[in-house]
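Work out the full structure, taking the sequences as your base and the hints as a guide.
Take a look at the letters that make up each chain.
Number of protein chains: 2
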Amino acid sequence: MKTLILAGGKGTRLWPLSRELMPKQFIKIFDGLSLFQKTLQRALIFSKPEDIFIVANREYKFRILDDLRDLNVEIPKENIFLEPQAKSTLPAIFWVLRNNSGKFAILPSDHLIEINEEYRNAFITAEKLSEKFLVTFGIKPTKPHTGYGYIKPSEKLENGYIVDEFKEKPDLEKAKEFVEKGYLWNSGMFFFDSKIFVEEVRKLAPEVFRAFETHADIEEVYSNIPELSVDFGILEKSKKVAVVPLSVKWSDMGSFDSLYEIFEKDENGNAVIGEKPVSISSKNNLIVAQKLVATIGVENLIIVDTEDALLISKLGESEKVKDIYKALSAKNDRRVVIHRTAYRPWGSYTVLEEGERYKIKRITIKPGKRLSLQRHYHRSEHWVVVKGTARVYYGGKETLLRPGESTFIPAGILHRLENPGKVDLEVIETQIGEYLEEDDIERLDDDYGRD
Amino acid sequence: MKTLILAGGKGTRLWPLSRELMPKQFIKIFDGLSLFQKTLQRALIFSKPEDIFIVANREYKFRILDDLRDLNVEIPKENIFLEPQAKSTLPAIFWVLRNNSGKFAILPSDHLIEINEEYRNAFITAEKLSEKFLVTFGIKPTKPHTGYGYIKPSEKLENGYIVDEFKEKPDLEKAKEFVEKGYLWNSGMFFFDSKIFVEEVRKLAPEVFRAFETHADIEEVYSNIPELSVDFGILEKSKKVAVVPLSVKWSDMGSFDSLYEIFEKDENGNAVIGEKPVSISSKNNLIVAQKLVATIGVENLIIVDTEDALLISKLGESEKVKDIYKALSAKNDRRVVIHRTAYRPWGSYTVLEEGERYKIKRITIKPGKRLSLQRHYHRSEHWVVVKGTARVYYGGKETLLRPGESTFIPAGILHRLENPGKVDLEVIETQIGEYLEEDDIERLDDDYGRD
Chain A
4 MKTLILAGGK GTRLWPLSRE LMPKQFIKIF DGLSLFQKTL QRALIFSKPE
54 DIFIVANREY KFRILDDLRD LNVEIPKENI FLEPQAKSTL PAIFWVLRNN
104 SGKFAILPSD HLIEINEEYR NAFITAEKLS EKFLVTFGIK PTKPHTGYGY
154 IKPSEKLENG YIVDEFKEKP DLEKAKEFVE KGYLWNSGMF FFDSKIFVEE
204 VRKLAPEVFR AFETHADIEE VYSNIPELSV DFGILEKSKK VAVVPLSVKW
254 SDMGSFDSLY EIFEKDENGN AVIGEKPVSI SSKNNLIVAQ KLVATIGVEN
304 LIIVDTEDAL LISKLGESEK VKDIYKALSA KNDRRVVIHR TAYRPWGSYT
354 VLEEGERYKI KRITIKPGKR LSLQRHYHRS EHWVVVKGTA RVYYGGKETL
404 LRPGESTFIP AGILHRLENP GKVDLEVIET QIGEYLEEDD IERLDDDYGR
454 D
Chain B
4 MKTLILAGGK GTRLWPLSRE LMPKQFIKIF DGLSLFQKTL QRALIFSKPE
54 DIFIVANREY KFRILDDLRD LNVEIPKENI FLEPQAKSTL PAIFWVLRNN
104 SGKFAILPSD HLIEINEEYR NAFITAEKLS EKFLVTFGIK PTKPHTGYGY
154 IKPSEKLENG YIVDEFKEKP DLEKAKEFVE KGYLWNSGMF FFDSKIFVEE
204 VRKLAPEVFR AFETHADIEE VYSNIPELSV DFGILEKSKK VAVVPLSVKW
254 SDMGSFDSLY EIFEKDENGN AVIGEKPVSI SSKNNLIVAQ KLVATIGVEN
304 LIIVDTEDAL LISKLGESEK VKDIYKALSA KNDRRVVIHR TAYRPWGSYT
354 VLEEGERYKI KRITIKPGKR LSLQRHYHRS EHWVVVKGTA RVYYGGKETL
404 LRPGESTFIP AGILHRLENP GKVDLEVIET QIGEYLEEDD IERLDDDYGR
454 D
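Chains as they are written, first to last, in the working numbering: chain A, 4 to 454; chain B, 4 to 454.
It is worth saying that the hints were derived from the structure and are not from the lab.
It should be emphasised that the depicted structure is a prediction, and the values quoted were computed from it without experimental measurement.
Careful, some of the hints might be misleading.
Same chains, same names: a pair is fine if it fits in one copy or spans any two.
[As the list claims (entries may be wrong)] Capping the alpha-carbon separation at 16 Å, the derived lysine to aspartate or glutamate pairs in EDC-like fashion look like this:
{"id": "1", "residue 1": "K279", "residue 2": "D448"}
{"id": "2", "residue 1": "K198", "residue 2": "E270"}
{"id": "3", "residue 1": "K362", "residue 2": "E440"}
{"id": "4", "residue 1": "K362", "residue 2": "E408"}
In structure tokens:
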């Protein structure tokens, strides 16, 4: 059994926890694991690492590689498909399945799902059904949820149903009706045989099929295909769709409300990620913060604090986060794009403070990694090693720096910072200069092919 | 006319904006001025600098001196009375007035008050009345407030009234009755002739009077007197109390609710201190933050964000902040005592980050000031100058460092950091070591007499 993990989601609705360059599947809020890593663990139940495939926007390449390395999972390089543009799920799945034959479990990487015996059995059932059908998984509803799409089952098969119809997110009345009639939540998880799927795409989404046939270059393919979801482009049109019902705890993590729903609550209905708050008469709140939070007499609130942005929303209205996101994007506010912590192929950095003519960063470099050979024209840099060992190239010389040691790189001088060790290297960088933006960089050599 | 400013208040009810070592009178949230500085400006309307007196806990000495220097106001050293303990207002006022004769306007430094013609006239009236009476100022109520004490006026005098009775904070029904009957809010501002006041203390609070007569040492005086407010200890007992009515905008800033009341609001009733929030359907909130705040569908909330603590309270319930404060104090939580920014006689420092075996601080040193001659046994320190010029003494040598220049102080080495210039000096300090607390310091010489 092969598994394809869809890791391209943007997840704008969990802002400010998620950002454009750090979408929700990569945030580590559950037991120190990202949702992508949890999906990977599910994939490993049925598939060997060489049978696991990943498709995502290429912006997320290093997030994926980091998460794989954290779990010590080695996926062959050719199994990772990096899209030049986001064109929704149909092109993503098709790209992988036209190049790899077999039976594929297809898993979104930004959902939270309980793994139990029923989950395991459902995939074994789905594998059998996939010989004749494009298989979807339908979650048995626990309430008339208006935030999910529904699947209407018809003719009974052995361990499944023919799908009659897909229903868009309903209003509450319709949702109640759907639940009574036994409709299922559309989970976004699928099980496809590559042969059947490719043939259905040829018939039902010929513009996608043809683009991949016509162009050799993936850039051109993606420039010539529409944005199309597999639900809308194939499943709603195909006559060969079956559903396997599944009764497990599941959330699409599509909003802070769904996060609150699935999260464990204390006796007052408060769900907390972070330090335990000091609260007086406060009930049914979701609190996500990395600092002390005190609440007095507040109920049904979503409180999400990050270093540079704080969200306070009424519970039940967190879908509107996307409107906040839009408003900020329209103003080119960088706080929708990036956290104070930015990820790079070699590790990450966090801006600790920006002042007039100076900026302070904590830089973390992974073992064996190095930054590009570079120079800046407008700033000098001071590095103090606080953890690990640094190899510094600077003005033709090479030195090793240990914790407590430091160096100074004047503007205009070629330099390179490397972690030759086996543990993370942490460096405090103080930049001084008139212009301190990231684009004041000239790269002469880079392990990651960046200009 | 002399003025005595009472600057000893603790202001625990504005936590987390205020902290034990940074009470509300010193926070600069209004036009960049502290409430203490605004009080000083009011004092200067009637009094020359040499006629202004200040009494406060000695913990606040450098807060007071900083605020005075900021405004370029020179108060004689002997006019600043620093109490060894907090014993409420009666001992504070008595200490100053028994040592200085004359007519004193007495102003709390943690209130906000509008200055207009009526304000000015009230003080001129009070000065005349003070020849025969202990004078209080009564604010004409704008609503039946339950958070203030009331003064019941009786016999009419020229421009004032004899005081019949003081009333504690009433419930809403009583407050309505008080307002109808023409009672006034007890403002905590007074006007005393020192001779009359000292005589009343001798008669009505003999234990306070005697303590000052008996002991020469102020430490001993304060060890031997009870905690006593001037209201309870003198005014409620004396037969010589008059009140001058005053119709101005006034707030005792006793809670975030009173801050919300007095603060300017936008068309949705939101009062904001900081960056303009991005809000959807949000009304009647007080938002104090130094970062981006986004709100969705929230009403009647108090949102106060600081670097290390976030308060969310229902509007109308912010009095309970004192219970949060108590709960944290009981756990010895340092976040009630100090901000991430700590003030020192020579300037201030902000902890930007604490990690395993390292700590990063931004240190600001005022012109002409220097830290003690000191050494640490458990940490080395890196200094990078980012603004101004530093004079560094280190291992018997003396050097000047300019922006972009740096130095390294190993553990055990005597050193001193000085700002010889005319503008603030800013230094980024990276400490490395196994033990990084403030008590790893041996001071050999200090301009401020600290061990």
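Next item on the list: Pop the pair K279 and D448 into one bin, within, between, both or neither, using alpha-carbon distances up to 16 Å.
Entry: Neither way: K279 and D448 sit 47 Å apart in one copy and 43 Å across, limit 16 Å.
Margin query: With identical chains, the pair K362 and E408 could be close in the same copy or across copies; at 16 Å between alpha carbons, which is it: within, between, both, or neither?
Written below: between (20 Å within a copy, 14 Å between copies)
Checklist line | Status of E270 relative to K198 across identical chains (alpha carbons, at most 16 Å) | finding: Intra 52 Å, inter 61 Å, cutoff 16 Å: neither.
Next item on the list: Classify it for me, K362 with E440: is the Cα-Cα distance of at most 16 Å met within a copy, between copies, both or neither?
Entry: Within one copy only: 10 Å inside a chain, 25 Å across chains, cut-off 16 Å.
Of the numbered hints listed earlier, those contradicted by the structure are 1, 2.
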